[in-house]
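Trainee: Could you put the whole structure together from the sequences, leaning on the hints where they help?
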Amino acid sequence: MSLSQLRRSLLDQRWTLLWFGLGITAYTLLIAAFWPTAKNNAALFSSYISQLPEAFVKAFGIADIAHFEGFIGAEELNFMWPLIVLVFVIMAASSFVAGEIDRGTIELWLSVPVPRWRLLSAKQIALVIGIVVLAAVTVALIAVAARLANESLSTSGLVATGAVLSALCIAVAGYTSLFSSLFSSRGAAAGLAAGVTIGSYLLGILSGISRDFDWLRYLSITSAFHPQQALLGGAADAAEVSALVALGVVTALLSLAVFQRRDANP
Amino acid sequence: MVRLYCCSRPPACARDSPASQASAHLPRPGLSKAVGLCQRRLAILRSVPVPIEVKDLTRNYGRRRGVLDLSFNVNEGEVFAFLGPNGAGKTTTIRQLMGLLRPSKGSARVFGLDCWTQSPRVKDKIGFLPGEMRLYESLTGKAFLDYFASFRRSHDPKRRAALVERLELDLSQRIRHMSKGNRQKLGIVQALMHDAPLLVLDEPSSGLDPLKQVTFLQLLHDERAAGKTIFLSSHAIPEVERIADRVGIIREGRLVAVESIDALKAKRARHAEVLFGQPVDSTRLALDSVRILSRTDDGKRYELAVPGDLRPLLRTLADLPLEDLTLASADLETIFLHYYAEEPKTQ
Numbered sequence: 004m005s006l007s008q009l010r011r012s013l014l015d016q017r018w019t020l021l022w023f024g025l026g027i028t029a030y031t032l033l034i035a036a037f038w039p040t041a042k043n044n045a046a047l048f049s050s051y052i053s054q055l056p057e058a059f060v061k062a063f064g065i066a067d068i069a070h071f072e073g074f075i076g077a078e079e080l081n082f083m084w085p086l087i088v089l090v091f092v093i094m095a096a097s098s099f100v101a102g103e104i105d106r107g108t109i110e111l112w113l114s115v116p117v118p119r120w121r122l123l124s125a126k127q128i129a130l131v132i133g134i135v136v137l138a139a140v141t142v143a144l145i146a147v148a149a150r151l152a153n154e155s156l157s158t159s160g161l162v163a164t165g166a167v168l169s170a171l172c173i174a175v176a177g178y179t180s181l182f183s184s185l186f187s188s189r190g191a192a193a194g195l196a197a198g199v200t201i202g203s204y205l206l207g208i209l210s211g212i213s214r215d216f217d218w219l220r221y222l223s224i225t226s227a228f229h230p231q232q233a234l235l236g237g238a239a240d241a242a243e244v245s246a247l248v249a250l251g252v253v254t255a256l257l258s259l260a261v262f263q264r265r266d267a268n269p
Numbered sequence: 105m106v107r108l109y110c111c112s113r114p115p116a117c118a119r120d121s122p123a124s125q126a127s128a129h130l131p132r133p134g135l136s137k138a139v140g141l142c143q144r145r146l147a148i149l150r151s152v153p154v155p156i157e158v159k160d161l162t163r164n165y166g167r168r169r170g171v172l173d174l175s176f177n178v179n180e181g182e183v184f185a186f187l188g189p190n191g192a193g194k195t196t197t198i199r200q201l202m203g204l205l206r207p208s209k210g211s212a213r214v215f216g217l218d219c220w221t222q223s224p225r226v227k228d229k230i231g232f233l234p235g236e237m238r239l240y241e242s243l244t245g246k247a248f249l250d251y252f253a254s255f256r257r258s259h260d261p262k263r264r265a266a267l268v269e270r271l272e273l274d275l276s277q278r279i280r281h282m283s284k285g286n287r288q289k290l291g292i293v294q295a296l297m298h299d300a301p302l303l304v305l306d307e308p309s310s311g312l313d314p315l316k317q318v319t320f321l322q323l324l325h326d327e328r329a330a331g332k333t334i335f336l337s338s339h340a341i342p343e344v345e346r347i348a349d350r351v352g353i354i355r356e357g358r359l360v361a362v363e364s365i366d367a368l369k370a371k372r373a374r375h376a377e378v379l380f381g382q383p384v385d386s387t388r389l390a391l392d393s394v395r396i397l398s399r400t401d402d403g404k405r406y407e408l409a410v411p412g413d414l415r416p417l418l419r420t421l422a423d424l425p426l427e428d429l430t431l432a433s434a435d436l437e438t439i440f441l442h443y444y445a446e447e448p449k450t451q
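First to last, the protein sequences are chains A and B.
Numbering follows the numbering used here, in which position 211 of the first sequence is assigned residue number 214; successive positions increment by one, without gaps.
Numbering follows the numbering used here, in which position 230 of the second sequence is assigned residue number 334; successive positions increment by one, without gaps.
Treat the hints as calculated values from the structure; they're not laboratory data.
The structure presented is a predicted model; accordingly, all values stated were derived computationally and were not measured.
Among the hints, erroneous ones may be present.
As the list claims (entries may be wrong) - Below, in silico cross-link-like pairs of lysine to any residue (SDA-like), each with a Cα-Cα straight-line distance of 20 Å or less:
(1) K209(B) / D266(A)
(2) K209(B) / A267(A)
(3) K209(B) / R264(A)
(4) K229(B) / P116(A)
(5) K209(B) / Q263(A)
(6) K209(B) / N268(A)
(7) K404(B) / L391(B)
(8) K246(B) / D266(A)
(9) K246(B) / L9(A)
(10) K246(B) / D15(A)
(11) K246(B) / D260(B)
(12) K229(B) / W18(A)
(13) K246(B) / R10(A)
(14) K246(B) / R17(A)
(15) K371(B) / G403(B)
(16) K229(B) / P118(A)
(17) K229(B) / R214(A)
Mentor: This is how it looks when you write it as structure tokens:
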């Protein structure tokens with residue numbers, strides 16, 4: 004990994020990271036502000052949820068809304084947080100190589116006396132740092148919100164939640180990086196990554212609807228994404244987190260191999 | 105490959121190909137010549153591999169043509185200009201030298217290192233200016249140069265400051281607010297600031313105003329005097345004429361000629377337009393040093409090419425009913441146009 008490139012990439016993403024961080028902060032505080040209302044009307048909400056279709060409940064991870072962990076999971080962690088942060092991840096990772104080609108800066112970028120894989124891996128690591136920062140900001144805000152609402156959350160639960168959130172983003176960052184190495188257009192790389200992510204999410208929902216489709220969960224990254232359980236149980240499912248991180252690492256390594264060998268023609 | 109030359113000419117084995125024959129060291133006037141010879145002798149003592157060695161280099165883009173069987177060397181301390189119209193293959197060649205494209209066949213080596221498999225080590229020896237100056241728009245000029253300097257151990261801030269001052273560049277400005285000329289200057293500083301022994305410059309003076317072009321040419325002269333090897337592609341023939349020792353002419357992906365500037369200058373012809381008061385028979389203008397390009401108005405108007413000495417023509421014209429004579433300066437453009445107009449030759 005090139006330290007010069009890492010420094011540059013961290014500087015490049017600082018403003019984007021700041022705005023996404025502020026967005027998450029605003030959303031988390033907004034949701035937390037609703038918790039007292041939800042808590043006081045827990046029976047009403049539970050009755051309402053029981054009327055919803057099972058697929059809908061599974062799609063948005065709505066369960067056990069009477070507890071703070073369940074409420075945060077349903078309103079933020081299970082759906083909205085990945086939706087927001089994966090936009091950042093896909094935007095950033097799709098620009099790794101394809102963005103340089105699109106902008107026409109690839110010739111200059113590759114004129115430095117550093118192997119290509121070291122340049123790209125520095126960008127990947129900068130993004131992982133960004134992901135971890137956003138996940139850390141999120142769990143810190145959740146901890147603050149819980150404290151303000153006189154709810155108690157375990158530190159291990161918060162750490163496990165941060166790990167689950169980061170793992171999902173690392174998986175998406177890995178295959179988006181691969182698409183960025185394969186294509187010469189950032190739009191194509193980002194579009195394919197978004198398509199794969201949405202498709203994977205839909206397969207996850209489908210797998211929960213019927214036992215006949217249960218096997219589809221092996222094709223879905225969201226099947227291994229359970230931040231609410233991590234927050235509630237105080238531990239993440241090691242197999243699920245490992246599977247997501249492994250997917251991210253393997254596809255990231257593949258992207259290095261592809262980039263090392265491909266033509267870099269603007 | 106390491107080349108050991110025991111005199112200022114390459115050995116016979118290195119002179120087999122037409123390109124290599126043309127790459128024999130060339131006389132330069134005055135001090136430049138002496139400096140060039142010293143550099144070559146030093147290279148001999150140090151057993152330095154040739155800065156650029158291209159052999160049978162071919163690159164296909166499927167159905168699209170790339171470059172075909174290019175072979176040439178660029179010697180130490182030499183300025184080699186690569187000339188050709190748009191799409192001829194100049195940039196494809198440069199991209200292969202820079203390890204951006206993998207050759208379909210053949211090889212390109214820089215100081216003995218393979219440009220594809222040893223690309224990082226190759227780039228350590230190259231100051232590179234790309235043809236299209238697309239930069240990181242959000243950076244200031246200073247941040248841009250700092251970024252590229254951070255990858256090199258050999259970076260000298262004093263050298264960079266001197267280049268910036270000489271090109272009168274404001275580094276505090278964001279690149280997105282810079283004019284085309286200033287972007288080009290920033291690219292030039294980036295290419296030269298590392299003090300690399302080989303400069304690879306793709307259309308380096310494009311976008312520079314005439315004054316800055318003069319400054320840039322002076323910079324290149326200084327770099328050559330300091331022992332640098334320069335490989336540049338250009339459309340600007342007068343610029344090439346002033347700076348280059350040799351030129352390679354590429355047409356439709358093939359190298360159609362590698363010539364020394366002196367050899368080309370010997371071939372150049374002045375263009376003359378002659379108007380007579382009454383018709384003149386073409387046999388009156390049949391001189392060794394004159395070629396008749398056209399005869400119109402029943403022999404009253406002639407277009408002539410005068411490759412050599414002008415005096416025989418002037419003496420002949422003095423005895424004819426001359427009304428008007430226009431003589432254009434002798435330039436290389438006509439020679440290049442001649443190469444471009446011909447069908448490409450196989451090497």
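Trainee: Are the hints correct? Go through all of them and say.
Mentor: The hints, checked one at a time:
The hinted pair formed by K209(B) and D266(A) meets the criterion: a straight-line CA distance of about 14 Å does not exceed 20 Å. Our distance criterion of 20 Å between C-alpha atoms is met by K209(B) and A267(A), whose separation comes to about 17 Å. At most 20 Å may separate the alpha-carbon atoms for a hinted pair to count; K209(B) and R264(A) meet this at roughly 16 Å. Between K229(B) and P116(A) the CA atoms are separated by roughly 8 Å; this keeps the pair inside 20 Å, and the hint holds.
Proximity of K209(B) to Q263(A) is assessed by CA-CA distance (about 19 Å); at most 20 Å being required, the pair is judged to hold. Of the pairs offered as hints, the one joining K209(B) and N268(A) holds, with about 17 Å between alpha carbons and a cut-off of 20 Å not exceeded. Of the pairs offered as hints, the one joining K404(B) and L391(B) holds, with about 18 Å between alpha carbons and a cut-off of 20 Å not exceeded. Only pairs whose Cα atoms come within 20 Å are accepted, and K246(B) paired with D266(A) is rejected, the gap being roughly 30 Å.
About 18 Å separates the Cα atoms of K246(B) and L9(A), which keeps this hinted pair within 20 Å; it holds. Of the pairs offered as hints, the one joining K246(B) and D15(A) holds, with about 15 Å between alpha carbons and a cut-off of 20 Å not exceeded. About 14 Å separates the Cα atoms of K246(B) and D260(B), which keeps this hinted pair within 20 Å; it holds. Of the supplied pair hints, the one linking K229(B) and W18(A) is violated, its CA atoms being roughly 35 Å apart against a limit of 20 Å.
Simply put, K246(B) and R10(A) have alpha-carbon atoms about 15 Å apart, close enough for the 20 Å limit, and the pair holds. Proximity of K246(B) to R17(A) is assessed by CA-CA distance (about 19 Å); at most 20 Å being required, the pair is judged to hold. Only pairs whose Cα atoms come within 20 Å are accepted, and K371(B) paired with G403(B) is rejected, the gap being roughly 27 Å. A C-alpha spacing of about 14 Å is found between K229(B) and P118(A), which places the hinted pair at or below 20 Å, so the restraint holds.
At most 20 Å may separate the alpha-carbon atoms for a hinted pair to count; K229(B) and R214(A) exceed this at roughly 63 Å.
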